[in-house]
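Residue numbers (my numbering), protein chains in the order written: chain G, 1 to 113; chain E, 114 to 226.
Check each hint, because a few of them may be wrong.
Said to hold, decoys possible - Once the Cα atoms are required to be at most 25 Å apart in a straight line, the calculated SDA-like pairs of lysine to any residue come out as:
{"hint": "1", "chain 1": "G", "residue 1": "Lys71", "chain 2": "E", "residue 2": "Gln115"}
{"hint": "2", "chain 1": "E", "residue 1": "Lys218", "chain 2": "G", "residue 2": "Leu41"}
{"hint": "3", "chain 1": "G", "residue 1": "Lys65", "chain 2": "E", "residue 2": "Gly210"}
{"hint": "4", "chain 1": "E", "residue 1": "Lys171", "chain 2": "G", "residue 2": "Ala2"}
{"hint": "5", "chain 1": "E", "residue 1": "Lys162", "chain 2": "G", "residue 2": "Lys65"}
{"hint": "6", "chain 1": "E", "residue 1": "Lys181", "chain 2": "G", "residue 2": "Gln106"}
{"hint": "7", "chain 1": "E", "residue 1": "Lys218", "chain 2": "G", "residue 2": "Pro39"}
To be clear, the hints were calculated from the coordinates, so they are not data collected in a lab.
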Amino acid sequence: EAQVTQNPRYLITVTGKKLTVTCSQNMNHEYMSWYRQDPGLGLRQIYYSMNVEVTDKGDVPEGYKVSRKEKRNFPLILESPSPNQTSLYFCASTDRGMNTEAFFGQGTRLTVV
Amino acid sequence: AQSVTQLGSHVSVSEGALVLLRCNYSSSVPPYLFWYVQYPNQGLQLLLKYTSAATLVKGINGFEAEFKKSETSFHLTKPSAHMSDAAEYFCAVTSSGYSTLTFGKGTMLLVSP
């Protein structure tokens, strides 16, 4: 089954404690991206990757890092989380770019206290 | 930069009534336009996509959308609402290089018996 898998689904952490949210896709997609969803703001892109070792900033990259060492994985790293990063995070992948259908993970609800 | 505006954060309809969710876009070039749906506690799922092949686009679950260049609109409709249509709906547009997908703020569709 084609899918994008995020882990964990829920996470509560404390300010400043480094964390990683993993994302993996099994469709051999070249393009992957991370979004955060906040009430009243919709989804905003954090980072994206057009292929292995190629990443770029989206609209709200501050406080986040990513890496793309393998085609299937695209982890999101928060080196020093702060309460304003409390949000619902989605990973997405597409075959080539965002003009093709995007497949989304189930989401990771992060709370930073 | 591309942007989309969704009119109405919440739309309420009765079961069997017409569903109309509004989306206006701003784009300097012919865009790729999408409607995605998010059911509770799930990721986003593609409903339909406009690619300039036809102005009336049919999607899954009986939804369709009409691209109107003169009005810069891409409204989503369904002739008869079903309880299972209750979800949040997002209109989205790609950037010219297809590297990003810009979402509207979303419209929550509420369906009453």
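Original post:
Does Ala2 (chain G) lie within 25 Å of Lys171 (chain E) when you go C-alpha to C-alpha?
Top reply: OK: Lys171 (chain E) and Ala2 (chain G) at ~23 Å, within 25 Å.
Subject >> Distance restraint between Lys218 (chain E) and Leu41 (chain G), which requires alpha-carbon spacing of 25 Å or less >> reply: holds, 5 Å
Subject >> Pair hint Lys181 (chain E) and Gln106 (chain G), alpha-carbon separation not exceeding 25 Å >> reply: violated, 33 Å
Original post:
Has the given pair, Lys162 (chain E) with Lys65 (chain G), been kept, meaning a C-alpha gap of at most 25 Å?
Top reply: Given pair Lys162 (chain E), Lys65 (chain G) is violated - Cα atoms ~31 Å apart, limit 25 Å.
Original post:
Keeping to a limit of 25 Å between CA atoms, is the pair of Lys71 (chain G) and Gln115 (chain E) held or broken?
Top reply: violated, 28 Å
Original post:
Given the hint that Lys218 (chain E) pairs with Pro39 (chain G), does the C-alpha gap stay at or below 25 Å?
Top reply: holds, 8 Å
Original post:
Within 25 Å, alpha carbon to alpha carbon, are Lys65 (chain G) and Gly210 (chain E)?
Top reply: Holds, because 22 Å separates the two Cα atoms, which is no more than 25 Å.
In this structure, the hints that do not hold are numbers 1, 5 and 6, in rising order.
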